[in-house]
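Please model the entire structure based on the sequences and the hints provided.
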Amino acid sequence: MEIKKLLTELCGLMSVVGFEYHDEEKLTALVAPYFDEHEYDSVGNHIFIKRCGKENAKRLFIDVHYDEVGLMVKGITDGGHLRVCMLGGLDARILPASEVIVYGKETLHGIVLMKPTVLMDGKEKEKLTAVPELLVDVGLTKAEAEELIPIGTPIGFEPAYTELRGSYIAGKGMDDKCCAIPVMAAVAVLDMKELDCDIYFSMSAREEVGHRAVSSAVFRIRPDAAIVLDVGFGLAPEGKKPDDADMKGGPIVTLSALLDKDFTDMVIETAKKAEIPCQPIVDAATTGTHADEIVYAAGGTPTVLLGVPLWFMHTANETVALDDLKYTAKLLVAIIREKFGRKDG
1 MEIKKLLTEL
11 CGLMSVVGFE
21 YHDEEKLTAL
31 VAPYFDEHEY
41 DSVGNHIFIK
51 RCGKENAKRL
61 FIDVHYDEVG
71 LMVKGITDGG
81 HLRVCMLGGL
91 DARILPASEV
101 IVYGKETLHG
111 IVLMKPTVLM
121 DGKEKEKLTA
131 VPELLVDVGL
141 TKAEAEELIP
151 IGTPIGFEPA
161 YTELRGSYIA
171 GKGMDDKCCA
181 IPVMAAVAVL
191 DMKELDCDIY
201 FSMSAREEVG
211 HRAVSSAVFR
221 IRPDAAIVLD
231 VGFGLAPEGK
241 KPDDADMKGG
251 PIVTLSALLD
261 KDFTDMVIET
271 AKKAEIPCQP
281 IVDAATTGTH
291 ADEIVYAAGG
301 TPTVLLGVPL
311 WFMHTANETV
321 ALDDLKYTAK
331 LLVAIIREKF
341 GRKDG
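The letter at position 236 of the sequence shown is residue 236 when you use the numbering used here, and the numbering goes up by one with no holes.
If you are wondering where the hints come from, they were derived from the structure by calculation, not from laboratory data.
Hints should not be assumed to be uniformly reliable.
[Stated by the list, open to error] The calculated lysine-lysine pairs, modelled on DSBU-like cross-linking and capped at a C-alpha distance of 30 Å, are:
1) K74 with K58
2) K142 with K74
3) K326 with K5
[Stated by the list, open to error] Each pair of labels, with its calculated beta carbon distance range:
4) G139 with D224: 50 to 56 Å
5) A32 with E99: 18 to 24 Å
6) M1 with D224: 26 to 32 Å
We treat Cβ as the ideally placed atom computed from N, Cα and C, and that holds for glycine.
Below you can see the structure in the form of structure tokens.
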């Protein structure tokens, strides 16, 4: 598996929340070869299934959300500029001058505009520009824009990726599509005949606007256990321990009152035995991830939460370390073998 190539291809897909279907054929082409079956439900979740061949096998549910933050067109000015609102929790500080793609009747490139700082007074410079005050310029007149860009059109970041020294990759959509890479890498090396579970890998929709879509998949599959993977905050100069994780320190293992303690303890012990670095971090109550929904859905599912450390969340340059993706893949393999390895020889 060429991790860098697959990472940029997967994260480069257009999957702005609510419009995940845009590149679904490309998504399927990238992920399906690692699995035996593929299903798609009415709320936009893609379920990829790997069978162990055992009748009445247990069901392991692995979740990664594949939607990403973006913008939506809500109006057009007399000058042809697009008024926008947020889809998901975008970091508004980084939007001015960002390159974006407008997915209208034609795919158009645009630039996010704001009042130049040289024209601002002191109070304006101190104020954080709100998203509704930003405009997107696509170079069209009002009449041209109205013809090509209906109200409600989604806008996403340009899929441009930069490799930094030290094997870091920066670009859009790492939250949360980068977490699919460890799952695919793990499935590629697991011998399913040695397991007593089928793996249901959900690339779930609409996480960035409320977490609820994943429940549809859980109710249908009714898993015996669940592993959720999402990005977590990597330690940056402005960050602090113990809330943030070290980049290249291995996957985050979340400790929370919501999550299954025995399963979580097993994950940490498995990492120690396999000498795989991991980083236990406390989210005492809710985790802000799909784990919050899965743990209660369909009568309840024992759930653990793993995280990949990430810099610059909800920007066009979300950054991950390839080492952390590799550590996470190794830990997934070890967890699955430990929990679901066949005991019948």
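Structure-based check of each hint:
no.	hint	result
1	K74 with K58	violated, 46 Å
2	K142 with K74	holds, 14 Å
3	K326 with K5	holds, 14 Å
4	G139 with D224: 50 to 56 Å	holds, 54 Å
5	A32 with E99: 18 to 24 Å	violated, 31 Å
6	M1 with D224: 26 to 32 Å	holds, 27 Å
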